[in-house]
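As they're listed, the protein sequences go chains A and B.
First residue of the first sequence? That's 797 in this note's numbering, and the numbers climb one at a time after it.
First residue of the second sequence? That's 1236 in this note's numbering, and the numbers climb one at a time after it.
None of these hints come from the bench; they were simulated from the model.
Where hints are given, some of them may not hold.
Unchecked claim - Here are the simulated SDA-like cross-link-like pairs (lysine to any residue), alpha carbons at most 25 Å apart as the crow flies:
#1 A:K911 x B:G1284
#2 A:K911 x B:A1248
#3 A:K963 x B:T1398
#4 A:K911 x B:Y1524
#5 A:K925 x B:K1319
#6 B:K1319 x A:A969
#7 A:K925 x B:G1522
#8 A:K925 x B:R1444
#9 A:K963 x A:P871
#10 A:K910 x A:R1007
What the hints assert, rightly or not - If you only want the chain A side, here are some residues facing chain B, beta carbon under 7 Å, derived:
#11 L846
#12 Y864
#13 P866
#14 I870
#15 M879
#16 M882
#17 V883
#18 A886
#19 Y922
The structure presented is a predicted model; accordingly, all values stated were derived computationally and were not measured.
The beta-carbon is built from N, C-alpha and C at its ideal position, and this holds for glycine as well.
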Amino acid sequence: MVAIDPTLLNIILIGLSGTLICLAVHFIPVGGAPAAMAQATGIGTGTVELAAGSGLVGLITASYMYAYEPLADIPLVMAAGAMGSMVMLASTMLAGGFIYAYGVAVPFASAQVKKDPITGERQDIYVSKGTQGQGIPTICFVSGVVGAALGGAGGGLIYFVLMEIYKPLIAVASAVAVAGVFTMGVMYVNSVIPSYGVGGTIEGVHDPKFRRVVGKDVITSFFVSILCGVLAVLIAGGMV
Amino acid sequence: MVLDLTMSMAILALMGALATIAGCLEDLESDVGSQSNPNSQVQLAPQMGFLHRIFNKAISGEPISNGLSAVTGGTVTTVLLSAKFYPLTAIVIGAFIAAIIYGIFATTSYAGRVASQTRFKQPLYMDIMRYTTPSIIGHNFIVNFCLVAIAYIQFEVLGYPFTIPFLALIWGISVGAIGSSVGDVHYGGEREFQNREFGCGLNTALSGRIVRKAESGLRNSIDNVWFCAKFGGPATGIGLGLTVFFSSWPTTLFGYTWKAIGVGVIIVAVMVVMNRLVEINVKNAYGPYKEEKNEPEVKA
Chain A
797 MVAIDPTLLN
807 IILIGLSGTL
817 ICLAVHFIPV
827 GGAPAAMAQA
837 TGIGTGTVEL
847 AAGSGLVGLI
857 TASYMYAYEP
867 LADIPLVMAA
877 GAMGSMVMLA
887 STMLAGGFIY
897 AYGVAVPFAS
907 AQVKKDPITG
917 ERQDIYVSKG
927 TQGQGIPTIC
937 FVSGVVGAAL
947 GGAGGGLIYF
957 VLMEIYKPLI
967 AVASAVAVAG
977 VFTMGVMYVN
987 SVIPSYGVGG
997 TIEGVHDPKF
1007 RRVVGKDVIT
1017 SFFVSILCGV
1027 LAVLIAGGMV
Chain B
1236 MVLDLTMSMA
1246 ILALMGALAT
1256 IAGCLEDLES
1266 DVGSQSNPNS
1276 QVQLAPQMGF
1286 LHRIFNKAIS
1296 GEPISNGLSA
1306 VTGGTVTTVL
1316 LSAKFYPLTA
1326 IVIGAFIAAI
1336 IYGIFATTSY
1346 AGRVASQTRF
1356 KQPLYMDIMR
1366 YTTPSIIGHN
1376 FIVNFCLVAI
1386 AYIQFEVLGY
1396 PFTIPFLALI
1406 WGISVGAIGS
1416 SVGDVHYGGE
1426 REFQNREFGC
1436 GLNTALSGRI
1446 VRKAESGLRN
1456 SIDNVWFCAK
1466 FGGPATGIGL
1476 GLTVFFSSWP
1486 TTLFGYTWKA
1496 IGVGVIIVAV
1506 MVVMNRLVEI
1516 NVKNAYGPYK
1526 EEKNEPEVKA
C-alpha cells in the first residue's frame, strides 16, 4: 500500500468533510421565506442558517465524544456528530410540522413530485392554489434527516482531523477553541456554496433540482474545502 | 466532571427546561420585533400601499442576531466569573448587557428600515418604538439568560471542551435556526394573513397584503406576540427542548458508545413516524384541495 503523507491526508480529509457538508445541504428541505409563509414545501428558513444550526449541534456532540472517550476513533466521532445533527433537524421539522398542521391548517404536500416516493400518496391534489406546496411530507422529512446525518458526520470529521493536528502543538483548551471555530467556518463556507446552486430553496433528494446541481456544487465544494484544509495546516505553523 | 446517573439526568432535565423557555421566548421576541422571513411581508406592505403600525427590525437573520446576543452574554459572564462573581449574578448581568445591546440594534434597525421606506409614506411611530423596544429587550434577556445558563452548565458542570461564549454562540445560532423554522410559520403563515379563510393555504398573490386591524383598534406587534404566544412560541420551545434533551440523553444513559448512537437513531426514527402520523391526521381532517377534478386519476 502506498503511504500517504500525513499532512496531505489531513488536507484531503478536510476536503472530503467539507464536501460531505455541501452534499448534506442538498438533502435538507429548505423552503426559505416562502415556506415560512406556507407557500413552499420545506422548512421555513434559509439554507445556511439551517445547515449551520444543525451542523453546530452535531459539533457539540462530536466534541464531547472526542473529549470523553479516549478510544473514540473517526467513525465514532462522526457518528456522534451525525446523531446530534439528526436530532436537531428532526426536532425542528417535527415542531414545524405541528405549526403547519394545526396552526396554519394546511396538509403536507410536495409540489415537485406527483406521489411521495416513500408513502406513495398523491401530492398534487393537496397543493393549495398559488403555492409551491406546503409543510414537510415524509420524503422531505427522511431526506432532511439523511442530510443532517451527512452534515453532522462531516463536521465531526473536520473537528477530529483538526484536533489531531493542533493538540500536539498547543494546550488542549486552545486546540479545542481553534478547531471548533475553524470547523464552524468550514461549515458556513460549505453551506453557502449550495445556496447558489439550489437558488435558496430545495425540497430534498426527490427534487429535480437535486440532480441538476449536486454534481457541480460538490466539485466546487471539494476544491474550496481543500483550500480550507491547506489554511488549517498552514496556521498550525505558527503554533510551534 | 463525571456525575452519577441521577444527578446527570437532573442536570439534563434542567437544561431541557431552560432550552424550552429559551426557544419559546426567542420566537416571541422575533414576533414582537418582527424579524426573519415573515418580516419580508411587513417590509413589503408599504410598497403595496398597506401602511401599518408593526415594528420592523430584522437586525439580521435570526440565528446570527441571537448568536451575537448569546455570545455577548457569554463573554461578559466569563469575564465576571474570572473576577470571582457568583455564577448566577454573572449570568444575569451578562444576559442583561447583551439584551441592552440587542435593544440598541433593534431601535437603529427599526428607524433605519422605516427611513428607507420614506417614498412609500410609511411613518415611523415613536410610540411603537417606545413601548415595543422594552418588550424586545425583556424577551431577549430571558433568551440570553437561558442560553448562557445552558452553556455554563455544559462547561462547568458537564465539562464540555468548548468555552462558555462558544457554547452560547452555538446555542444562539441553533435557537435562531429553530425559531426561524418553527414559530415564524405561525406568525408569517397565519397571523399576518388572517383575512383569508382558515386552512385555505396562502396564495402568493397575497404577498404584502398583511392584516392591519386588530381585535380592537389598529394591530401592532404586541397584538402579534399575544397571538403567537398561544402556539408558535411553545412549539419552538418544544423544538429546542427536544434538541437539547435528546442530543445528550443517549450518551448520558449509555455512555460514549455505539449503543448511544443507535438509541439516537431510534429517537429520530420515532420522530419520522410521528411526523407521518401528523401528516395522515391532517390529510384526513382537511382533505385535498382538488378532490373532484383529480378523483379519476386516483382510481387509475
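- Task: Would you settle whether the hint for I870 of chain A is holds or violated, based on the nearest Cβ-Cβ distance to chain B being less than 7 Å?
- Result: Cβ of I870 of chain A sits 13 Å from chain B, so the hint is violated.
- Item | Satisfaction of the M879 of chain A interface hint, Cβ to chain B closer than 7 Å | holds, 4 Å
- Taking 25 Å as the top limit, are the C-alpha atoms of K925 of chain A and R1444 of chain B close enough? holds, 17 Å
- Query: Holds or violated: K911 of chain A with G1284 of chain B, Cα cutoff 25 Å?
  - Reply: violated, 40 Å
- Identify whether the interface hint at Y922 of chain A stands, where standing means a beta carbon of chain B within less than 7 Å of its own. holds, 5 Å
- Can the hint on L846 of chain A be confirmed by a CB-to-CB distance to chain B that is less than 7 Å? Holds - the Cβ of L846 of chain A comes within 7 Å of chain B, reaching about 5 Å at its closest.
- Query: Under the criterion that the straight-line Cα-Cα distance not exceed 25 Å, is the pair K911 of chain A, Y1524 of chain B satisfied?
  - Reply: Holds: K911 of chain A and Y1524 of chain B sit about 15 Å apart, inside 25 Å.
- Do the alpha carbons of K910 of chain A and R1007 of chain A lie within 25 Å of each other, as the hint requires? Since the Cα atoms of K910 of chain A and R1007 of chain A sit roughly 17 Å apart, the hinted pair holds (cutoff 25 Å).
- Query: CA of K1319 of chain B to CA of A969 of chain A, is that 25 Å or under?
  - Reply: Holds - the C-alpha atoms of A969 of chain A and K1319 of chain B are around 21 Å apart, at most 25 Å.
- Under the criterion that the straight-line Cα-Cα distance not exceed 25 Å, is the pair K925 of chain A, G1522 of chain B satisfied? Holds, at about 14 Å.
- Between K963 of chain A and P871 of chain A, is the straight-line Cα distance small enough, at 25 Å or below? holds, 19 Å
- Closer than 7 Å between Cβ atoms is the bar; does V883 of chain A clear it against chain B? Give me holds or violated. holds, 5 Å
Of the numbered hints given earlier, the model fails hints 1, 2, 5, 13, 14; all others are met.
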